Amino acid sequence: MKKVVNTLCFMCSVRCPIQVTVENEQVVSIRGNPHVPAMNGGVCPKAAAAVATLNDTQRVQSPLIRTGERGSGQWKRVSWKEALDYTADRLKDIFDKHGAKSSVYCERANLISDISKSFMKAIGSPNHFTHDTVCKGSINTACRSIIGYTDGQINADWGNAKHVILYGRNVFETVEVKAMNGLISAMEKGAKVTYIDPRVSITAAKATDYKMIRPGGDLALNYALINTIIQEKLYDIPYVDRWVEGFQELCSFIDPYTPKWAEPETAIPAAEITKLAREVSKSKPNVVFHYGYRGSHHPWEVYFRRSIMILNALMGSIESPGGVFIKKGLKDAGYKAGLKTYGSQKFPEMEDKRRFDGCGQELFPIADPAHGVGFMFPHAVLNEDPYPIKVVFAFRYDPLMSNPDYNTNLKALQKLDLIVSSDINFGSTTALADVILPESFFLERSDPLQMGSSLKPAINRRIACVRPRFDTKPMWWIVKQLAERLGVGQYFPYETAEDIWNYQLADLDIKIEDFDATGFVSLSDKAIWWDRNDGINFKTPSGKIEFVSNLMESHEIPSLPPYEPLDFEPGAFRLMGGRCMFHTNVATQNNLYLNHIAPDNPLWINTKRAKDLGIANNDAIEVESNAGKAVMRAYVTDMIHPEAAFMLHGYGHKEVESKRSYGKGVPDSLFEERHYDKIGGSPAMDHTWVRVKKV
Amino acid sequence: MGDYIITTNQDRCIACHACEIACQSENKVPLEATLGKIVVLGPKMVNGAPRMTSAFIPCFHCENAWCMEACPTEAIRRREKDGLVYIVDSLCVGCKACIMACPWHIPQWNAESGKAIKCDLCMNRIDEGKQPACVAVCPTNALQFGRPETISNTTRERYAYGLLEKNLKAA
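As they're listed, the protein sequences go chains P and H.
Everything in the first sequence is counted per my numbering, starting at 654 for the first residue and increasing by one.
Everything in the second sequence is counted per my numbering, starting at 1207 for the first residue and increasing by one.
Mixed in with the good hints, there may be bad ones.
[Unchecked claim] Below, simulated EDC-like cross-link-like pairs (lysine to aspartate or glutamate); rule was C-alpha separation at most 20 Å, straight line:
(1) 928(P) to 1217(H)
(2) 656(P) to 1334(H)
(3) 842(P) to 1334(H)
(4) 989(P) to 1162(P)
(5) 842(P) to 709(P)
(6) 1234(H) to 709(P)
(7) 1336(H) to 676(P)
I should point out that these hints are in silico values taken from the structure, not numbers from a laboratory.
All values reported here derive from a predicted model rather than from experimental measurement.
For reference, chain P alone in the conformation it holds in the complex (with noise of 0.2 Å):
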């Protein structure tokens, strides 16, 4: 019996719309949803992929209790209700003695963040953080900082640009289905496309024009452009007038920030940057500057990206067609409600708010507590600051190889009395854990629904394709059964999928049959674009753009700080870190497909350079940061600028159970130093001087 079943993928966090062929509970094949034009039918490597993890014996196949040394591999296979009475039993006992607040839980964000914040809340814990705050906790801030929005409620209109800027945003090894093809799209009909980094990637040899800048470049470079746009009145006059706050201020500010004064620190000539800023503009307002993500990572991070949306906002480009647009939701489209969530029950009040990371309170007032800033967890247990932190909910995500300073987070991770983890793999924190309770894959699995707002918002459901090969759960059962043995039950009413998608649709005249059809509702069949003279609903104090920001002066930061010279290690390389199309951060590098295409991750150095240092492309060479020390293969290339160093992010698994990605390449945060930006939250990845020496 062959069936089709319409779903949303979950190789990465894109989630993209896909459709899922199934003959007698085998997956035969996973293409694009076609009823999503946007996919254009197909789906990326990782998705074509996930067959091979899906009947993967190397997953977690059951519950696990440790019984050797954390790491050792040894465990007792047990059944669900002893996993769960003994993480019931071992958490009331932490919780007697430090509160339920010395719990952190952590999660790739993902359509069960609503349960995971409600058993958080529900246990009396503050302590919960994303994925996202990781790699885009100051992209978020920025743009909360500027329009009111976060970068998760905005989206480039890529299909209708006509000049896209990216700074390391790697469209084409990102592999996001829609955006890529809009981009294509786009560049097919005359479009240019402005590739920036200090290495070649394949975006960059897409690109019209490619500008290999030295690391750390980009806000000078920046600031530079928006010299010129000024100086030259380049701008968008009448959207400027209209819609921006302080844009006296940023004319006084930029002054000094011409072309050939951000000749040095970008490496890009000032002629060069003169020419980009007089073509982007011709371009305007269907011009994108691409805001994340990847690339660039410094503590400076937050005025970097604040540079980019002043640079969108110069253009006219926000809700623009052809450029950057604010997502719009199920009130736009003329609902009256939105998806009920669990969260908004009434939950005891907390009896201590501190969360351990600070975030939204004294140490990081502007960061976003919706996602936290989990460059803190080590911190926190390390110096039980502000209290102790004795367990981790490390729920799909991995702070041992995600987070930088990998000895650091190891320290801590051995620190802590229980670390729970619900992981598809055996991932590093996993391998570490004292129990898992292993999460079904998403083609075994329904979820709550998504809302998927945008220029034309639906409603998106993931349901299983096929039944658990294994003996595992979805997480929404799994946070039940915690919580019912922790006494706060209540808060999860629901016993199937189908209890919770009609939760979530209990004040909505959409039912659940609505979506059999294509995966998806569609609650507005024309794209919702605000008028852009009158119409912009700005979420900012003011109700405009804020150049000078109301939420960062208000908490005594300054909008418009002076520009900081880069810092120099003579001898040394700036490390970057980065991905590729074949891996989703450190999750997929097991998987039997993707792991035979890209199974190592060497360093990328300048011939140059390389040649100084008498090392040939494939030597052994020893890599060190103030953080660690690791040997590791050399790829000696001319795709790198010579101040950089780069490689791939998600390598050097030392989990005894994944046999394939096993000892295989080095992790990136095993070199990253604990640099970070202290106003948006992120931590600073590439921001780290590593040497380099011959074997």
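Using the hints, position chain H against chain P.
Using the frame of chain P, we list chain H on its own:
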């Protein structure tokens, strides 16, 4: 390619290898074998800019198929209706003559079964009215599958319409 052709649009190809992976996964091909192969050149510097290009190489399903002629057991056959060249697994004795005979060594070795395997353009899928897995999975529509005359027509038309639009605007 029998009556069919697979073309690669180099501007659209991002070298993501989804074609290879879907082929392996959906046709249950051992990891070391590659029925349809994407060959990528670059990124490398060309006139000061990084550039890359690629070509997808499935089996060509030749009219005079070297593999077929070399096979001593007549395990390699051609479909009457569309000329696709395929291996009858039960007749293959694992002599590898097909691999040696093919000028591009396109037939692959299945070490698990001890037999030769080759791209049959997913002929079962074609019979269901679908495209080969490599083409269907391609996230950018860089791979195109069809009859040469159809692909030729659409490509020529796309080119000419572009030209005509320009002329019309200029006139």
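Comparing the hints with the structure gives:
1. 928(P) to 1217(H): Given that 20 Å is the threshold and the Cα spacing comes to 26 Å, the pair is violated.
2. 656(P) to 1334(H): Roughly 14 Å separates the two Cα atoms, so the pair holds.
3. 842(P) to 1334(H): Not satisfied, since the Cα-Cα distance of roughly 34 Å exceeds 20 Å.
4. 989(P) to 1162(P): holds (10 Å)
5. 842(P) to 709(P): violated (43 Å)
6. 1234(H) to 709(P): At roughly 14 Å apart (the allowed maximum being 20 Å), residue 709(P) and residue 1234(H) satisfy the hint.
7. 1336(H) to 676(P): holds (16 Å)
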